[in-house]
Each structure stands twice: as C-alpha cells, then as structure tokens.
Amino acid sequence: MRRIVMGILSTLSTLVLLFSYHTSTGAGASGPRTVASTPHIVRAPSGTASAPRGHATRAAPTTQVTVVDGGTSQTRWGPVQVEVTLSGGRITGVTALQQPDGNRRDVEINSRAILELRAQALAAQSAGIDGVSGATVTSGGYRESLQSALDAAHFG
Amino acid sequence: MSGTDNQLARVEFVMGMPVSIHLRGPAPEARRQAAMEAVFAHLRAVDRTFSTYRQDSEISRLARGELSVDACSPQVREVLDGCNQARIATGGYFDPMLPSAGGGRTLDPSGLVKGWAVERAARLLAELDREDYYLNAGGDIALRCARPDSPPWRIGIEDPRRTDRMIAILPLRTGGVATSGTAHRGAHISDPRTGSPATGLRSVTVTGPSLLWADVYATAAFARGRDAPDWLATLTGYASLVVREDGTLWSSTTMGRLLTEKRPTPSAA
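From first to last, the protein sequence lines are chains U and E.
Once you know that position 124 of the first sequence is 124 in the numbering used here, the rest is easy, because the numbers rise by one and skip nothing.
For the numbering used here, count along the second sequence from 1 and bump the result up by 1000.
For the record, the hints were derived by calculation from the structure and aren't laboratory data.
Hints should not be assumed to be uniformly reliable.
Just a few of them, taken from the derived set where beta-carbon distance is under 7 angstroms, the chain U residues facing chain E [to be verified]:
1) I129
2) V132
3) G134
4) A135
5) V137
6) Y142
7) D151
8) H154
9) F155
10) G156
A few chain E residues that face chain U, going by a derived Cβ cut-off under 10 angstroms, partial list only [stated by the list, open to error]:
11) L1008
12) P1018
13) S1073
14) Q1075
15) I1169
16) T1179
17) F1222
C-beta atoms are modelled at their ideal positions from N, C-alpha and C, and glycine is treated no differently.
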C-alpha cells in the first residue's frame, strides 16, 4: 500500500487508506473550505453529537467528533486536500477535497476509480505483472492505467 | 506493496507521454536517483531536438528546409539513417515521410525517435551495476535483469478490446517490447502508402533484443493490416502477437514459446 505522507498531526501518521474513505462532511459543515497548507482543526468537539454523513453506523449520542483539515498532499491524481474526521481518537472518515478552483464542494475524488485501480493493481500483482505494454497512453490516460497503479505501488 | 523487495519506481511526463522507471537491486539510493534523473533529462533533450510540435526544434527546421541534413546534429542524422533502414526493412510500411494535410508529405520521424530515445535512455540505467530495470515510455518498454538469479520482469500485454485486461504475460530478461494499436489514441497510424488509417488489426506487440526495432516492426505490421502475420513470421529474433479486428489472436512460433499461461486474475470490476 502506498504510503501517502500527509504531514498531518503525528497521531495520524498511520493514515494510508485513502482507498477506504468516503464523504464525511459532518452535519455542521457550512460555507466554503479554505485550503490550508498545514493541518489544522476545522471543528473541535462540541457538546452535540455529530456523526459524519454517509456513515451507516449510529454514533453514540455522546460521540465527540473532530474534523481536521489535513492540508494538501501530492498524490498521483494531483494535489489533494484531505479532511479527516476523528472520533474517539480514531479516524472515522476521510474526505478528499479538490483543490478549490472557485467551485468548492466535497467530491469523492474518483473514489470508485481509485478502488478499481487498487483492485486491478492487486490483481496484477497476484498475477505477477510488473509492467504493461499497450498502445501509447497519453498523459491524460495514464492516471486511469494499470501501469500507474503499478508505479504507485513502488514510489519511494 | 513494496513489501520485502527494494523495488523503486518513478514517473514523469516527457515527450507527451508518461515515462515510468522501475529499479530493483543493490544500487545505492543516490545512484538510483541520479540515473533516473539522467533518463528524464535525456528524454527532455530528445524532445527539444525532435518534437514536431516545437517550431524551433531541429526536426521542424529540417522539415521546413531551413536546415540541410548535413547541417543537422549527429543524433538527427542517426535517426534519419535509422528511418532509412526501417523503410527498407519494412518494405515501405515504416516511412518517416508521412502524408500531410494538403496532399504533400512532411518529415516526421517520431515513430522511430521514441524507440531510439528510450533505448538510449535505458543505457543510462544499465550503468547501475547489478540493478534490474525496466523503463516504460507510453507502452514501449526497455528492460534488463542484471543478475542470473533475478526473476524476469513479467510484462503484461494490454488487451486492446478491454484495456484493464491482459491478453498475455511475457517473462523477459532483456530487450524491448512495443505495442502498436488504436486502443488509446484512436486511429493514429496510417498506411504510408495510402495515407489512410490502417485497418484490419486492433494491436500488434513485438518483442526482441532492440526496442527500436520492436517498435518499428510493430508500427509497420499495424500499418500492413490483415496480412501482417505473414510478414511478422519472417522476422528473425523478434516474437510477435497480433489481435485482429475480429478479436482473434495470432502469435508467431517464437512468441508461442515465450508466452506463459496467464494466472487467473480475480475480476477487477
């Protein structure tokens, strides 16, 4: 699994699994999000419970939720700003926000595509494929290619 | 996924395509990085000389007649020489003089430049002692296993009918692999004789000692179309795999020996 160094708070240094993220804007989200280059807390625990939207779980009424803006990281899909939801000291949700370009909204950045690419890479690795030869892939097509997943698996 | 090995990869976009390098072996980190950087720098230099999209490139100036062949750099003359050899070896199905809009022909050796440049770039990686490498530039691959006990690189050949699938996996220790086809860019290969897009085949994959020639043969075969297998069968030292338009496969006897049974993959989607 590719380790994506986020530079988030040290307690989040094990965050790797963008693949398992889902939208989690939180019930209290409002207004545009700012891009921060360093992580900072967006919403600290309040007295009210707030289960991230999209969760099927029912949070206990007293769950304290913290939302952290994880700053911007370079991924193979380009710069990604990440927002992380913490509850009880554990990561309960990750949202990848697009770099604001005037149209600020949460998006599940290619989450389905990411999951599929990951599945393909795992399948390829189980088949022992190291690289792929195909008709010329353009730069734009690369991001969806199996070769890109095989590359990402070995970035230093 | 890097697990217990020390395989390192890096990708950059050069010459309009993704260029991925994979290294595996005992070379120190600093030497690995330097070698990869040298590869990308070399390809950027090639782009400056040969890009037909750059007005000021040597090749553009040559095509406009502002430069004579004799006045060109050794690299350009080497490529033009290669193009001549390729034209002869392929019976004209590889030709750097491509039909252009307006009925004339303009010089565009890009088809040979890619394989030529990547093969030269691979030499920079070969300087890493006992280091296995493969270099994948937009689907053209140059590779080497440097130690007898290194496992071969297993190169998947993309299925043009469904590009998230492989039609074959080639275990290779040296040489190059090139695939010509329409899967990603539409009909961009023309029959040099007619100027019309090539038909009859979905893709051609060729592997052999030289990526430059694998690329030339794959391109020429694709331009030939339906009767390409007859010609590919005559090549010495190069193995070929063809996907015809109707989806059927043809492989040369040399490729048949090389092909390994594809391990079943779980369905990805």
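Checklist entry - Does the CB of E:Q1075 sit less than 10 angstroms away from some CB of chain U? => result violated, 22 angstroms
Next on the checklist: Can you verify the interface hint for E:P1018: is its Cβ closer than 10 angstroms to any Cβ in chain U?
Outcome noted: Where the cut-off is 10 angstroms and the nearest Cβ of chain U is about 4 angstroms from E:P1018, the hint holds.
Checklist entry - Taking the closest Cβ pair, is U:G156 under 7 angstroms from chain E? => result Check passed: Cβ of U:G156 comes within 5 angstroms of chain E, closer than 7 angstroms.
Next on the checklist: Checking hints one by one. Is U:A135 an interface residue toward chain E, by the C-beta closer than 7 angstroms rule?
Outcome noted: holds, 4 angstroms
Checklist entry - Does the CB of E:S1073 sit less than 10 angstroms away from some CB of chain U? => result For E:S1073, the interface hint is violated, since the closest Cβ of chain U sits about 26 angstroms away, which is over 10 angstroms.
Checklist entry - Against chain U, is E:I1169 within 10 angstroms by beta-carbon distance? => result E:I1169 check passes; min Cβ-Cβ to chain U is 6 angstroms, inside 10 angstroms.
Next on the checklist: Hint validation: U:Y142 versus chain E, beta carbon distance must be below 7 angstroms. Holds or violated?
Outcome noted: holds, 4 angstroms
Next on the checklist: Next item in the hint list is E:F1222. Is there a CB on chain U closer than 10 angstroms to its CB?
Outcome noted: holds, 9 angstroms
Next on the checklist: Is the interface hint satisfied for U:V132? The criterion is a beta-carbon contact with chain E at less than 7 angstroms.
Outcome noted: It holds, given that the least Cβ distance between U:V132 and chain E is near 5 angstroms, below 7 angstroms.
Next on the checklist: Take the shortest C-beta to C-beta distance between E:T1179 and chain U; is it under 10 angstroms?
Outcome noted: Holds, about 5 angstroms.
Item to check | Restraint satisfaction for U:I129 [CB to CB of chain E, less than 7 angstroms] | outcome: OK, holds: U:I129 within 7 angstroms of chain E, min 4 angstroms.
Next on the checklist: Can you verify the interface hint for U:D151: is its Cβ closer than 7 angstroms to any Cβ in chain E?
Outcome noted: Holds: closest Cβ of chain E sits about 5 angstroms from U:D151, inside 7 angstroms.
Hints 13 and 14, counting from the list given before, are not met by this structure.
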